[in-house]
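Colleague: Start from chain L and add chain E according to the hints.
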Amino acid sequence: MESEKIVHIIFAVIDETNAELSADWQIEKSKDAILFGNGGKLDSLGIVNFIVAVEDRVLEELGILITLADEQAMSQRNSPFRTVSSLSTYIAELMGRES
Amino acid sequence: MDQKPGPVTLITGTRKGIGRYLAEYYVALGHQVIGCSRGPQDYSHPAYNHFRVDVTDENQTVAMFAKIRVLHGGLDNLINNAGVASMNHSLLTPMKAVWGVLDTNVAGTFLVCREAVKLMRKRGAGRIVNFVTAAVPLNLEGEAIYVASKAAVASLTRVLARELGNYKITVNAVGPTPIQTDLIRGVPTEKLDALVSRQAIRRYGEFRDVSNVIDFFISPQSDFITGQIIYLGGG
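Going down the list, the sequences are from chains L and E.
Per the working numbering, the very first residue in the first sequence carries number 415; after that it's consecutive.
Per the working numbering, the very first residue in the second sequence carries number 1112; after that it's consecutive.
All the pointers check out, no bait thrown in.
Computed cross-link-like contacts, DMTMM-like style, restricted to lysine to aspartate or glutamate with a CA-CA straight-line distance of at most 20 Å:
{"no.": "1", "chain 1": "L", "residue 1": "K445", "chain 2": "L", "residue 2": "E430"}
{"no.": "2", "chain 1": "E", "residue 1": "K1127", "chain 2": "E", "residue 2": "D1320"}
{"no.": "3", "chain 1": "E", "residue 1": "K1302", "chain 2": "E", "residue 2": "E1317"}
{"no.": "4", "chain 1": "E", "residue 1": "K1233", "chain 2": "L", "residue 2": "D470"}
{"no.": "5", "chain 1": "E", "residue 1": "K1279", "chain 2": "L", "residue 2": "E430"}
{"no.": "6", "chain 1": "E", "residue 1": "K1279", "chain 2": "L", "residue 2": "E434"}
{"no.": "7", "chain 1": "L", "residue 1": "K445", "chain 2": "L", "residue 2": "E416"}
{"no.": "8", "chain 1": "L", "residue 1": "K419", "chain 2": "L", "residue 2": "E430"}
{"no.": "9", "chain 1": "E", "residue 1": "K1127", "chain 2": "E", "residue 2": "D1165"}
{"no.": "10", "chain 1": "E", "residue 1": "K1229", "chain 2": "L", "residue 2": "D484"}
{"no.": "11", "chain 1": "L", "residue 1": "K419", "chain 2": "L", "residue 2": "E442"}
{"no.": "12", "chain 1": "E", "residue 1": "K1233", "chain 2": "L", "residue 2": "E474"}
{"no.": "13", "chain 1": "E", "residue 1": "K1229", "chain 2": "L", "residue 2": "E434"}
{"no.": "14", "chain 1": "E", "residue 1": "K1233", "chain 2": "E", "residue 2": "D1334"}
{"no.": "15", "chain 1": "L", "residue 1": "K443", "chain 2": "L", "residue 2": "E430"}
{"no.": "16", "chain 1": "E", "residue 1": "K1233", "chain 2": "E", "residue 2": "E1274"}
{"no.": "17", "chain 1": "E", "residue 1": "K1229", "chain 2": "L", "residue 2": "E430"}
{"no.": "18", "chain 1": "E", "residue 1": "K1229", "chain 2": "L", "residue 2": "E474"}
{"no.": "19", "chain 1": "E", "residue 1": "K1233", "chain 2": "L", "residue 2": "D429"}
{"no.": "20", "chain 1": "L", "residue 1": "K455", "chain 2": "L", "residue 2": "E434"}
{"no.": "21", "chain 1": "L", "residue 1": "K443", "chain 2": "L", "residue 2": "E416"}
{"no.": "22", "chain 1": "L", "residue 1": "K419", "chain 2": "L", "residue 2": "D446"}
{"no.": "23", "chain 1": "L", "residue 1": "K419", "chain 2": "L", "residue 2": "D470"}
{"no.": "24", "chain 1": "E", "residue 1": "K1233", "chain 2": "L", "residue 2": "E475"}
{"no.": "25", "chain 1": "E", "residue 1": "K1178", "chain 2": "L", "residue 2": "E474"}
{"no.": "26", "chain 1": "L", "residue 1": "K443", "chain 2": "L", "residue 2": "D457"}
{"no.": "27", "chain 1": "E", "residue 1": "K1229", "chain 2": "L", "residue 2": "E475"}
{"no.": "28", "chain 1": "L", "residue 1": "K419", "chain 2": "L", "residue 2": "D429"}
{"no.": "29", "chain 1": "E", "residue 1": "K1233", "chain 2": "L", "residue 2": "E434"}
{"no.": "30", "chain 1": "E", "residue 1": "K1302", "chain 2": "E", "residue 2": "E1252"}
{"no.": "31", "chain 1": "E", "residue 1": "K1233", "chain 2": "L", "residue 2": "E430"}
{"no.": "32", "chain 1": "L", "residue 1": "K419", "chain 2": "L", "residue 2": "E507"}
{"no.": "33", "chain 1": "E", "residue 1": "K1279", "chain 2": "L", "residue 2": "D470"}
{"no.": "34", "chain 1": "E", "residue 1": "K1178", "chain 2": "L", "residue 2": "D470"}
{"no.": "35", "chain 1": "E", "residue 1": "K1279", "chain 2": "E", "residue 2": "D1334"}
{"no.": "36", "chain 1": "E", "residue 1": "K1229", "chain 2": "E", "residue 2": "E1169"}
{"no.": "37", "chain 1": "E", "residue 1": "K1178", "chain 2": "L", "residue 2": "E475"}
{"no.": "38", "chain 1": "E", "residue 1": "K1229", "chain 2": "L", "residue 2": "D470"}
{"no.": "39", "chain 1": "E", "residue 1": "K1229", "chain 2": "E", "residue 2": "E1274"}
Hints listed in this document are in silico derivations from the structure and should not be mistaken for laboratory results.
Keep in mind it's a predicted model, so treat the numbers as computed, not measured.
Chain L on its own, in the form it takes in the complex (with noise of 0.2 Å):
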């Protein structure tokens, strides 16, 4: 399933961002945790980094490229780079327009 794909990446990722939190300060592994914005573990720099990091490994592991931080996507109030989930669909989308 590509959907669980998607969301195998973005644990991984997490993974890599979390080594390089503090313990008391580390991303939840799971669908509905905070990335950005309020409660969200993430400063700007760091979202910066995750977004790169997820970008990176999309085209590693499912040799697809995707720019995920497109103006539109910044700019939204319902950011999709709020949760897990919301990424995970956001990145599902732009995989649908690029193939």
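Modeller: Chain E alone, transformed into the frame defined by chain L:
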């Protein structure tokens, strides 16, 4: 024992002029050089890969970086040489020329930097060298758009240096004086002489002057040098 492969260095605008010289120069120094230009390249070497790419085209540029990722797994140095000039009085500069210069010199430089950083951050280090011009500090008349575009590249260089410091990526720029290349082929000799006469050291630049500054910026020892712009000739 296998020899360690040399650094991976991307140079834009390698078909002719300074870019071509730099491609051959860094191949000779043992780098694995990737070059690109809009047109075909007649230089070939086992350590040189050429891509036909227009750096103002996002799809072409991103695709080139995807191939670099596959071929080399990362990138050590970016030498952002690709550029175009329009040397006319502002009243004689058509808007097509304005957009063309801004597109290649500013947007192209930005796009290549952005994509290069994605590969460099995987290495945990990187060197970016952008190209400005000695005409920027001289506020040279008759080159309004070209000088303005390079002033934008100078600002871009300083801002990127701050944004990328955390990744241990340095961003600097070199500002050459006139060098006898195609870029200034159409410029009257008296205009070039006037520019040279305003330099502290009054001579035309040579390719080796440019590679000397780049050698300094990309040296492993220069990991604390960032956001700097070196103008040749004391411009």
